[in-house]
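J.: Put together the whole structure using the sequences plus the hints.
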Amino acid sequence: MKACTNLGRSSLEKAIAVTPENEGDALIKNGGFYWISFGKCGNLVERRVGGAYGSMQKSDREQHDQFLRLFMEHEEMLRLFVRSLLFNMEESREVMQEVAIVLWRKFDGSLDNASFRRWAFGVARMEALAFRRDRARDRHLFGDDVAELLGRTIQDESSGLECERNALETCVRKLRPDQQDLLQSAYQPGVNLKGLAQKLGWTSMTLYKKLHRIRLQLMDCTQREMAAEEYS
Amino acid sequence: MNNRNARLELMRRCLDAEATNEELAQLEELLRADAEVRREYLRYLNIESALAALPDKREPVAGPRIHGAAPLPTRESRWPRFLGPAGWLTAAAMLLFSSVLTLQTVNRERDEARSQMIGEIIARPAAVRDRGVAVLTRTAGLQGAASANWQIGGTIPPGLMKWDSGLLQLEFYGGATVVAEGPAEIEILDESRVVCKSGRIRARVPEPARGFAVVAPTVELVDLGTDFGLDILDNGSVEVHVFDGAVELFDVESNRDLATRRQLNAGDAVSVDRDGASKPIASRNADFVTPGRLNLMSDVHQQKTHRDWQAFRDSLQDDPRVVAYFPFERNASDDRVLTGYGRNGDVIEGAIVGCEWTHGRWSSKSSLQFKRPGDRVRITVQGEFESLTYSTWVRVDGLDRMHSSLLLTDGFRENAPHWQIRRDGNLVLGVQHPGNNAFNYQARSIFDAFRLGQWMHLVTVYDAGRSLVKHYVNGELVRKQRLKSSAGGLLEIGNATIGNWSEPEQHHQPGIRNLNGCIDELIVFGEVLDGEEVRHIHEVGRP
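Protein chains in written order, with my numbering: chain D, 1 to 232; chain C, 1 to 543.
Please note that a few of the clues may not be correct.
Claimed, not checked - One-sided excerpt, in silico: chain D residues whose CB lies under 10 Å from chain C:
#1 Arg79
#2 Arg135
#3 Asp138
#4 Arg139
#5 Val146
#6 Arg165
#7 Leu193
Said to hold, decoys possible - Quick list of in silico lysine to any residue cross-link-like pairs, SDA-like style, CA-CA up to 25 Å:
#8 D:Lys194 - D:Gln180
#9 D:Lys209 - C:Glu22
#10 D:Lys209 - D:Met219
#11 C:Lys480 - D:Asn192
#12 D:Lys194 - C:Arg131
Please keep in mind that the hints were generated in silico from the structure rather than gathered at the bench. For every residue, glycine included, the Cβ atom is placed at its ideal position computed from N, Cα and C.
T.: Following this line, the structure appears as structure tokens:
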């Protein structure tokens, strides 16, 4: 049985709030590259997948920290990008793992923020493409040009999209309690929506539509919140 | 499509995996043509993915405001998967692919090959929640509809267990060991409480499990650290026998009212009738099966099923469809050779590397244990086959690697299949179809944490005639998939490895694929076996 170790918290790592959602994400510390995951007893464990232990040069460590900073800064938008090409959340997660590994393996410390972002979006696009070619061959795929346009739009709109995410929590609190509960159930990691619909005595379509309406409500709300921020 | 609502509905359909390819193309066209639609699409997705990332603030189960929702399933994927025939590779995609590669200045060939294998990349293991409260550890002569699905070593969640006859042993997480004899109906409430509606049980409750409680029709029993028996007679009365230590009895539904409390000590026995009246009776220790005696009984039962299996083993040696059969019986004169049988009963010798012999499905039978990275059995299977059926009895102890090998041909040659288990528990038949078209035929989530350490029967059928791949688990068909259009030609095995992979290809990462577990039987048929035959192999080989 794997030993469970608690994750130490340096100032850099504090930035990551570990939830079941980001389990499996990349983390770099002590010069090693780790996946965050939950242990048998529900505690946090780290699994080293690359990089050297402790005996690293200072410059190497700096490079790791730099990678982590850059990766974290763009991670959410990269996720969104991959999702926009694959639709499927589980598949996107698999691809993001691969993206993180590729980025780490081929990271060039001389890249500035903008070049890293462009490069990372390129890698994400390639990985999503390769994934679809292998795993979702029968699905209609967005053309290269559309993938390119979506990538560019996300990069251009990233600050707005991030504001929207920040406003989301406020907006969820404004939903009716039953809507909040429904979200809570439907967005549990690993939930099967068809199964959930059955448990609730609804058809899948009813559940999908209810969730859709909530998303639309939240879209409107976040827009209002952002507008209010701008004028306040 | 100018109507915003219709557009958003289209986006929803795409996300919810309901959209047809035409609708996906329609969305693509809208995204291509209009920057505003792109922003809208990304905002919709942004909300959707941010919701998934919101921290959990409430209980994980839908609350009372959702009409009596039961705990949510956690194992399956939230989104239906897209599966089906192949057929996607456009010139534009190739262009994009190569341009990205140039950008990265990496070895194109290598990455192309690697990226073809991306389909093999493993989903991360999900956080495992244990809903079990006990482990089923021994059985003898179990009969009854539901009992067919109970596996030794299986985790038992709260719920009803009902069977017609035979004995089983449950070890509760709280520490109590219960032997129950059918006909019985027992409802497990949690790790220290059961409702016994009918049947006869014997419980051994050591110090840490003190407080273990049994609710019977006429009495509630709370253990004070002991060994006791409880028998529900046909007339509705309940007998309680204390063999060691002490128990407390309360009137049923009295909510453990102290006024109704009685204590029984070692040697005491009472009968409590329907009205709650109790009278002392003679203790009959021998009628309640102890864990030790159940162990002896299950050994006897095992010897019988082992003998039945031996008859099956002998019959296979005359089966012309068998191209390789390894019963995994230890050869006393040379235990580094795995003796098997090929066509016409010819002997095939497998070379055992590293593996150690251990107990198999029955304590009287051997199996090979694969543990260390080098452990493997090398075999050669001659011949070419239109169709193949693989069958194995395996006990997987852990899925430590990206892939755990059952039977892998060397390298990954065209039409030389790989039979293996992915770390996410999927059973996979990987085939390199002609034209460099590798494909994984998978049955998802066959293994999870609660299936480790148990003997399982796995069968995969490659049926060229019907153009199907079928996976069976414990005799049941779990997945049927059409062969890819690129499939064709005869399959071969040739030089291959059981429980590991020899001559891995450079671009497969990571290369090591050793099995962590035991194999007790492996059969390769050069033809298609039908569901009934698969069920028979399971039935006769079931421990």
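J.: Output the numbers, in ascending order, of every earlier hint that fails for this structure.
T.: none
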